[in-house]
Structures are given as C-alpha cells and as structure tokens.
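Undergrad: Once you've looked at the hints, dock chain B against the given chain A.
Going down the list, the sequences are from chains A and B. Each step along the first sequence adds one to the number in the UniProt record's numbering, with nothing skipped, and position 366 is 366. Each step along the second sequence adds one to the number in the UniProt record's numbering, with nothing skipped, and position 422 is 422.
Treat the hints as calculated values from the structure; they're not laboratory data. Take the hints with a grain of salt, since some may be wrong.
As the list claims (entries may be wrong) - Selected chain B positions facing chain A (Cβ under 8 Å, derived; list incomplete):
(1) 231
(2) 233
(3) 234
(4) 792
(5) 794
(6) 842
(7) 852
Glycine included, C-beta positions come from ideal geometry on N, C-alpha and C.
Letter by letter, the chains look like this.
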Amino acid sequence: SLFHHRTTFFLPLIIDFGMLDFAFEAEYRRFGLKKNGYVGFQEFYQLLQSIHHIHGVDVLLEYADIHGDLLPINNDENFQKAFASANPVLRIIVTIKGLVLTGLRTGGSGSIHSKNKSSLMIGPPQNFRQISSIIDVDILPESHRRVRLHKYGSNKPLGFYIRDGVSIRVTPQGVEKVPGVFISRLVKSGLAESTGLLAVNDEILEVNGIDVAGKSLDQVTDMMVANSHNLIVTVKPANQRNNVVPRGSKNSMGHSGSVGSGGSIGSALSHDSQSPASHSNPITASSSIAEGDSYEEDDDGDVILENDCLPTYRSHPGTNSNSSTLNRDSPHQGQHSSIPQSVSMPNSLAAALSHSSTMMSHHNGGSAHSVGSSQESMKEDGNVITL
Amino acid sequence: MMKFRFRRQGTDPQREKIKQELFAFNKTVEHGFPHQPSALAFDPRLQLMAIGTKSGAIKIYGAPGVEFTGLHKDITAVTQIHFLPGQGRLLSLLDDNTIHLWELVVGPPREVGGTKKEGGVCLKQVDSYTLPGRPGIESCSATRVTVLFLLKSCDLLCIGTEGGGVYVVELPRLVLKENQTLLQDQVTQSLPDDYRCGKSLGPVESLQEHPQQPGKILIGYSRGLVVLWDLSARHADQLFLGKQQLESLVWERSGGLFVSSHNDGGYAVWPVTSGNTITHQPVSSTIPYGPFPCKAINKILWRTSQTGSPVLLYSGGMPRASYGDRHCLTIQQDKEHVTLDFTSRVIDFFTIHNLEPDKEFDDPLALVVLLEEELVVIDLQTPGWPTLPTPYLAPLHSSAITCSCHISSVPPKLWERLINAGRAQRTRQQTHMSWPICGGKNLAPPPKQQELLLTGHEDGTVRFWDASGVALTPLYKLGTANCFHTDCDEPHDSSNDHDLQQEDEWPPFRKVGCFDPYSDDPRLGIQKISLCKYSNKLVVAGTAGQVIVLALNDEPSDHSVDVSVVDLLQDREGFTWKGHDRLEPRLKPAPFPPGFQPQVLVQCMPPASVTAVTLHTEWNVIAFGTSHGFGLFDYHRRNTVLARCTLHPNDSLAMEGPLSRVKSLKKSLRQSFRRIRKSRVSGKKRALPTPTSKVHEANAALAEQEEVAPVQRRIEPRSADDSLSGVVRCLCFADTFLRDGTHHGPTLWAGTNSGSVYAYALEVPGVGSGRAFERGGASESSACVEALLGKEIQLMHRAPVVSISVLDGRGKPLPHPYEASQDLAIAPDMTNAHSVLIASEEQLKVFSLPKVSAKTKFKLTAHEGCRVRKVALVLFSSAAQEDYSEHTLVCLTNLGDMHLFTIPGLRPQVRYDCIRKEDISGIASCLFTKNGQGFYLISPSEYERFSLSAKVLTEPLCSVQLDRPLHPTATSDGTSMHPQANGTHRKMAGRAEGQTEEPPCSLSSPIQETPLDSPLSCADLTLDTTGELTVEDVRDFLTTVDEAENNLRNMKEEEGRSTGILIN
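Okay, chain A solo, but in the shape it has when bound:
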C-alpha cells in the first residue's frame, strides 16, 4: 500500500529511464527537461502525472534540495526554487496524498493542511525543515535557554555577532562582575533573528556543551564557527520574562521554518528531550549533547570525489578509459575535470548531496557531455539513495 514515485531530472538532457525498485515498492524514473521549459507549478504537476500515468491521483511533490532535505513543491515559488537548485539533477519524490513515508517523518495530521488549502498553500508541519529548537528544558535552570540552530540547508546566514561584556553574578561574597560573552547584534532576516530564540545582550554560557567561562572572545568565536553546522548555544537571555517552563514530558520546544516557501514560521513539537537521567547536572547535560547523535550529525560530512578512471595496475592498458590517456598527453592543461567521477556518499546523505551537486557543477563545468556519455559516472547504488 505504500506507493510513491521517485523521479530524477537531468537538465537539460534526457538520460535514462526508469527501473523498478521492488524493495521500496517505488517506481524510479529519470528524464530530462529544458531548463526554461516549465514555468508554472500546475503545468509541471500535470506533466508528472502524465509521465507516471497517475492522472487524477492527488500526489504530494517533494524534492531533495542541495542539502538533501526533502522540501515540498506546491506552488509556483517553491517550484521555481526547486528548479533552480537542480544542478544538474533534481530529485523529486511523488507520494500519494494521505500516505506517509514511514521513517521519514512522524506524526502529522491533515487538519492543518486542509485548513490552509483555501487560502495559501502551506504544507503540513512535517514538510517543514526544523531550523531551530529549544532543548534540554528540563535539565537547565529556568533562567537559561539551550538553543539549537540548524544551519544545514538554510541559505540564510546564521546571522549574529558576539562581543565581550560584563556579567553580573551573585556569589556568597555578594554581587560580582565577571567577564562574559554576549550576543551583540542580530543580522536582519538571518537565522538567529528569524528563530526569535536569541536576542541582543543574551549572555552565552556554553557552546555545544562546552563552558565558555575563561575563554576569550576569539576562542568562543572559533568554537562557534567550528560548530556552525549544528550550533547549540546555551544562553542566559537578557529578557527573562519569556523563559520556558518545563512541562512534563513535552519539555522541548521546536521552531520550524520553511526556507523553501519564503520563511514562514510555524511552531511544532520537536523530538523528545534527551536522557532524563541527567537532571540538574549541567556537566552530564553537556556531555550528553556532545555524545548524542545530534552532535555527530555533521560527522564525516566531508565529500570525497573519486576518479574512477585511475588505472589499476593489473588492468590492461587498453581497457583504460580514454580520458586518462588524454590527460597523460596534456599534462600542462592540468585540469582533470573531464574525468568521469563518482561520488561516494558518506554517512550523512544530506551533506553529501549538497556537496556533490555543487562539486559536480564545479568540476564538470560545461562538459555535461562527458557525464552523460559515461554510464558509470552515475552509479546510484541502493545504499546511497535510501529515501
């Protein structure tokens, strides 16, 4: 009963046609489009219906953006965006409306969806990518807030600045001033500002679980930049009136925003908080962040491009692809960009996809022909594309 189509576009060439993946009960097609051919969402929607022979079936269109996130296509604007991001491949997933891909998104009801149907087409919460959340509400003092910013996939800048400052601490000896690091500025329409969770003059206490006390502004800057893809900052908000109060099990607040559809901000429940064992102990709390999978999310996001045409020693010289000999003949040109390349995807599909598309466009330049002519260049083994 699970049925969805997966479509891959090549722009501007038609390359390949489908295969049926029984394991996923999915149909897989690949076709090419002229880049300026389709201008409207409706037109495209109909094209897909005709290609997949599913006329009259209501389907949800989603595409994998350059960061590998699934984003909806349901209006002209995000369709344009999706199209623009195809470089050169656009992966689109077609799902029958009402059916939910298990494992991809949890929960979600159609109620929000139907409510909005009349006016603007806004997808259900599960179609939004989470960009920030308040976490560990139950283990932090009420006056503190631990905010997670997902830089991943957002083309917005993180968008904030920090400065040195004075923090006032109450100690047994009385009130003491100690140096601290504060948010000094939020960039307009940056990620930090759009979440509404960080504000100017909030004091920064921890960065991804590491206490910043005693660290210089530059050290804190470096720590934040190093963690910028998945930044978790614990702040003491300057405005203490909007503090989150722990409420039973729903102790995490999430903030989602759809980048694709123009930054509308909705709020949604986020994942459960981490180990309840670590109440009131900030150190374990921080290590739980450090050890948790969330922290390792960016793990091995490095992209490795391999040149498949490297002749192995045993291989007969004659079987070597032309390109390698071609390169040998022209060492001065040096640019081996025309060698067909395969992309090995590390653990994190998201990162790999993001980079592969940019890297491929970068290296192949205008030489899409060579990509097209080589079969092996587009190896997509099942364990890589597992949507």
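TA: The following block gives chain B in isolation, referenced to the frame of chain A:
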C-alpha cells in the same frame, strides 16, 4: 560515544607513567643575539662576558657552550652590569634605580622523566639594594644612580648619582657606609671661586680607581670637573678644572695620566703629578673629527702597548652635519686610524688586555663591541685589525628571517661538505686568533648527531647553522639573488676600488658587521625550504613565485640555470594579477661558488609568494603551491608534470600581491593608526600597578572596555568563496595506496586554505610495483612522470588544511626518500592498509586508504576554542626504557599551547603552554625537530629552543671555577628567588595538563589577554623586522571594524601562514 568516554577516562596509571617517561616540556636555551641589549660587562679573571637587555635579562657567555641566563623580576632595562672579578658575582643596575646582586650557584637537582639530573650551575639573584633618598630632598632624581664603580678590592661599591653625590656601599652585603658619602658641596668648597661661579657640578659621569694607588678614585662631574679623591683620607688630592661637558674618563696604566672624553667630540689628556693640587689645563686636547661641530665621544679607552704608541679607542665623535647619523668606533694607534662603521648603535665596548700587575703594558688583545643588533670582536694583535667571527650570539636577523627548516641527524659527509663550503666563503678573513672570551667549562656531552637549522631571509639568502649544541654557529650562507637580475647588480670585483676609495676618505670608514636589515628587493625573500640530506638536493622558494632546485657541488661552477615557467591559473578567466612582477632570471652563465648551486628555476605564474614546497629526490620531482594553485615539476627531465588551479571563482583577494597598493588599504591604514594611538593611551592606563584582587582588576578593565565600542565577532560558517581560499597550504609525497588496496605507488597530496585536499596518483618511470616491467623495454629516458587526479576531498568545515601525512600499515609515518631504500629507517609496512592524517585548523582526522573514510578524529576547535597553527609528527623516545619510542602528533595552536596526540588513535596525551598567544611571530615561526625539540622566535634575533621530550634535551650544562664555593650564600633577607635557569622571556608556567584536567580559567586574564586579533593590541606587537609577516598578516589590524568583521576569518587563517612544517 564509546570513543568519547575512553578519552575522558585517561587515567590509566601505566599509561601515565609512560607519558612521563616520554614527554616533558622545557625551554632549554636561547639561540641568537639578545633583543635590545642595553649593558655589557666583562670579567677578565673568569673570562666571562655579560649582556643585559631592555627586558631585564642578563646573559653570561664564556667559552662556546657556556651560557648562564638570569631574569630580573621586573621587566626593566638593565642599564649597567659590573662583575666582581673572579667571584662569579655581578651587580646590575636597572632603569628603576635598583641595584641587584647575582651569583653563579649550583642549581638543585631536577627530575626529568623519572631520572634525576645533577643541577647545573645557574645564575641566581641573591640580593637587591636601593639607594635611600636624602632626607629633606624630595626629588628622587638626586639619588638616581648614574655610575656604579667597583673598587679593585671588590669590597666596596661606589655609586655616583644625578645629584652629584658619591655613595659607598659595602660588598657583598650591600650596606651603605654612610660616613663615606661624598656630597657635592664638600667638593665645591675646595674649588676656586671663578670655577665655582655658583653653578652645580652636575651629575657624576665617571668614577675610576687609580691603577696604582688603591682607594683613590677619579670622580668626573658632568660640568667637566674631575676630582682625584682619597676614599680613606676623605679629601680631594687633586682637582682638574675641565671646562667641557664630560662624557667619560680612563686611566693610563701607570696612573701618570688620565684621558677624558667630552660632549663636543674631543678628548683631553691630563697629567697626574702629585703635589699639584689644581690643574687648569690638560696636556693635550684634541677633536679628532673637527673642526666642524662633532657629536660627543661617549666612551674612551686608552691602552698602552709594547709596540709603541698607545691604542686609543673611542665611540662617537663624528662630524655632526655629515656623519652625525653613523654609528662609529675609532681605533687609533700612531698613524693607524680606522673608523669602524656599524649598522646599528654602539651600546658599549671593552678591550681584553693584560691585567697582570707586574706587566708594564696593557697590550690589548681584542676589542669587543656590543651593538644594538650584533656583537663585533676585533683582533687588535693582527695588523689591519680584522674582525673575529663569533662562535655564538650570531645575528640571526642580519636580514629578517622569513622561514626556517630543521634537519636532524645530518650525514657526516654532507656536514663536512657544508663546513668546507662555508670555510671557502670566509677565506678573506686572515685572523687566526682563537676566541678570547673562553671562561667556564662546557660539561655538555658532545652532540650525538649533527643538526642543521636552515633560515631563509628576506634578502634571498639561506643560512645554514650548526644547531647541534647550545651555541648556534654559522656554517654556510647560500645566496639566491645571483639567479636573477636585480636593480642593485654591481660589479663583483670592486674590492680593489673600494680600498682605493678608502684612502682618500676621511674619516677612514670601514664597514663592519653583518646586520643589514635593508633588503635589496623584497621579492627575493625565501618563503619555503626543503632539503634532502641524503641526495644533497635543496629546494628554496620565494616571494615572487620562484622555486629553485639546487645541488651541492664542492667546486665552483660557471653555468646557466634552466628556467621553466608554470602557469598556475590555467587559463582561468577573470583574473588579473595585480601584485609584483616576477624576478627577471639571469639567462647567461654565471659563476657559482662551491656549495649549493642552482640547477633549475621554476617560475610560478602569477608570481605570488610560494606557500608550500616539497621535494622527492628518489622520484626527482618537486611540488610547489601558491595562492593560486600548485604544480608538479620533474627536475630531472626539466618537465612540468602538472599545474592545477585551486582558485575559487569568487576569490578576488588572491590576485593582489602582498606589495600591491589597493585604494581601500590607504583608508584602513589611516583608521588603524587612529586606533593605535587610542590604544596607546589606554595601554598606559593599564600599566598602572593595581595591587588589588584579580576580580577588581578585571572589573576595572571591563569598565574601561565598556567605554570603547566593543569588538564584535561575526559567527558564520566558512563558505566556499572566502577569499584566499585557494592558497595551497601543504604538499606531501607518499608511496601509498590511492588506486586500490593492493597496489601502492607514488602519490602527491595538496591541501588548501578552504579545506580541499587533492590526491594525485603519479607514474614515475621505474617506480611502482609492476609498472616497470610492464613497460618493459620502453625507452626509459623518454618516459615522463605523469600525474592523474585520484581523489578530491572537501572537508566539510572548510578550515585550512595545515598538514597532510600518510601513515603506513602500523600507523607510523612513512620514511623520507632514500631512508628506506638505504636501510636508514625501518621499511614502511606496505602489507596492511595505509591511512592519511589530515590536520586542518579545526580538526585532526585520520582517513583510511585507498577508500577515503574517516577512521578517527579530534575536533580541537570545537572542544578547546583554539585553532591549529603548526603540526608535526615527532618520534619520542622514552627516558627510562632504552628501546621504547612512540610516534606522536604535536600540534601548536593559535593560543600558543602544544597539544600532543597519539597516532593514529588521536588520543590527547598532554598539553603545555609554550608561547604567549599575543606573540604572533613566535607562533608563526615555530618549528619542530624529528625528535621532540623545537624552535621559535622570541624576538627578531633570537630563537627559543624548547624540548617536549623527556629524553632529548639540548641545554647548557657548564661549570665555572670560582674562588668561593659554588653553593648559594645565605642571603641577607632570606628570600631566595627562583633560580632563573633559562628563558629571558618570562616562562609561562611549564605546567603539563592531562586531558582529564579542565583548562584553568582565571579572572586576571582579560587585561593581558586582549584578543590578538583585536586592533587594540597591535601597538605592542613588534612586527617590524620579522619579514615573515606581510601586509596580509597584519591586515587584521589595518582594517576598519566593519572590514575586520568581514575579513576576520580569512585573515586569521593568514596569520599562521609560513615557515616549514616538518612533515614531509
């Protein structure tokens, strides 16, 4: 997760013991010339020389290898030093008017790596003294000390003051003998009225004891009066009514006359005949460089000699108008007259001469001149007074150091050839005198191996230093300027003309010394050096994109150098190089002296500074990189194998050379000067001592900070188009598995500023398994080296790649070319899978090969907030177990601390504070040896040598034969100070930190720890003479706040650029 826990645990006692036996941090010795010397002294009995510096350091030198260092508690200039001859004691006068007594004592035994070491002799401060203010006189300038003078008996110290008083202090207890004090009014009473004329005599300028009659001292006052004072009888024996402002006094050996030097550039000879109480006129008075107004003669020495006329030596006295800016010292004897013309200021000088009382003459042996930038010794016994090469105190900075490179275990053959080449360079000096300052005894065992330190300089020279022991001595100097046509090309054989010229010239100048900070052409500057000690091949690369391959030749040669031009832009469009031009190569044959002679010149285009270079002599290839890309060159066949552009399309900064002037720079310069001015003001405020609690201090600093607009830092991930992203940071050759897991072969690895790594598989004719016979009879000569792109790795965090090295199947670094094939190293394990260690500024990561997947990693920046600056793979040997050693990754961060990690596990071992984090040039200049030592510049002229190894230490170990026991005497106040064994630069607590400990956080820091990148701190930085730092490096300081924000990350990356990383 498991990994993480394991790291935290880290307290396995067995492992802790091994760590103690392997690692220990010590700053061992300072090489080079002390920065800003301010005082000089000589102990003729012990044959020891002492130099004081403006930062409060005292360094004692004797025979090569004999060195003692002391550091005053306060960073105040040492203005005078006086030895208590033969006692191993010395007195120092500081700028803050305090007098300190130092002693050579046997230090306490130390424990290093579990073994006890006998404490060596070290210099220790035992007492200090301040002259009490005179009751009733508020002004402290009256008791400001101008002269210290030790009587020959060594039991009394005479102190002359600004107020004209002379005080006598008992030694060594430093107790004032109040009844001995001679105030000025006592002297004025006995003066004739017309001389007195109601004016003060001025400060005491000079005190000198009568050479034959102990207890009688000459007192010279600034106004010109000289008094021969009998200390015991307490009356003036004679008065000499000088009318010229006095600068210095010196006795003739017999005591029959003395010489005074004056402010007007003249000197006068005064007779001392008993019975004559008042002398109005000197016997002679001369202004040697008159008749036009001359500068003062600051110091004069008069030495009698057996050969006839006395030798007269004096500094200064030059004609004010024409040569007032010269730094000169004159040696005169009979008709012989030489004006030594130095390139830096004369601080002080002394002669080494005969002191035996029964000898009739001084017979000066040598003249020792301390200049601001070097030490010059003149042989006074050889006719012509040639200079004597110094075995230590080498002026490392004679031209600014731009990079460095260390070679350990130099093969004896190469060593010998280098020494010969160096000797050939020095033939013109005919002196055969042995080094005259030869006190003390060097107890250090002879070095087990020869070590070379190579320094690249701004003037295009590479200097080879013997770094095997405590004294860093010059071996050989290589110039690369003769490969090019430069503006200042001058005919070489001008020496004859020069001599002719000199005969006519007055004063008879002679250029002496080698400090020459003015570079002919900054493009000649050396940026990278790579030497293969087995094949004697050298690659040097410079500022204008020049890469020169040189080979060692014992014979002079006349040949032309092949030139190859490599275009690294590779027709990339939209880029125009706005920087400097390339150097024009010399195409005609040129003579090259014995030593390293250039063979091939590879010119990178655009001619940007070379940022990385590596050499593989077995494959006969070099790789080089600039801010635009990298290239591979087969120097055997003179063939460019590969050129690869690494520029990002949006990168515009890369096209501006370091010498280009961009409009915005002018504006930012103006801004930055304003800021510097501002910070100077606030800097002074901070300097006020506030002996309150640390929190108070912090609060005060913070309150101050609030007034100024706060420094902001932007938090943004690195993006692909950050400028200078294409800079090639490191290159590495390795014989490893890139294609598949069963066949290894030559590979080239390159890492860039934006976290990209390129791996190429090379085909080198005759190298690589299977390949050679496959080609079979194919003519080997026609076969070329080929390169094929194998892999590209884009590190996700995009941080600059600091180093790449390949580890063998056992996780050990691959040996150098020829090491394995000549059985000089254990052959690498080629049976198990190799891995590649990639160190970026933010992370250390080990990837498996040939399929590049991450095996282990350590996120340094995310954990510690510091960034990697330098990385080296070092072999640490255990101090306790003879045959136990470990390969360790040593990592220097932008905070100046050293982190040690196991490889390939990347488990943190220890952390040491090493360099102040504000010391950018120190961090940028740091280099490591293969066995756990290292060097970094503590000033433009000095290398600090340190050791991370518990076993391998190169430190002074010496003794001195003294009249007194070498054990510390009980001090008067009982407060014994720490023996300041080494390090004139204040030691950071050499504290080792296990990973389990939390880094210390103190509240006192914000004052000193002004962020380095903050524009506020730039006033304190001495960037001037370290050629390594370019405009780009300091652009942080030059940009406006907004620009700084934008450029911050890029520029930070830039700071760390430079100098050799010892991973090859």
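Undergrad: Look at each hint and say if it fits the structure.
TA: Status of the hints after comparison with the structure:
1. Interface hint at residue 231 of chain B: violated, since its Cβ lies 58 Å from the closest Cβ of chain A, which is beyond the 8 Å cut-off.
2. Of the supplied interface hints, the one on residue 233 of chain B is violated, with its beta-carbon coming no nearer than about 65 Å to a beta-carbon of chain A, more than 8 Å.
3. Evaluation of the residue 234 of chain B hint against chain A yields a violated restraint, the C-beta minimum of about 61 Å exceeding 8 Å.
4. The beta carbon of residue 792 of chain B comes within 4 Å of a beta carbon in chain A, closer than 8 Å, and the hint placing it at the interface holds.
5. A cut of 8 Å between beta carbons decides the hint on residue 794 of chain B: the least distance to chain A is about 4 Å, and the hint holds.
6. Hint status for residue 842 of chain B relative to chain A: holds, with the closest Cβ pair at about 5 Å, below 8 Å.
7. A cut of 8 Å between beta carbons decides the hint on residue 852 of chain B: the least distance to chain A is about 5 Å, and the hint holds.
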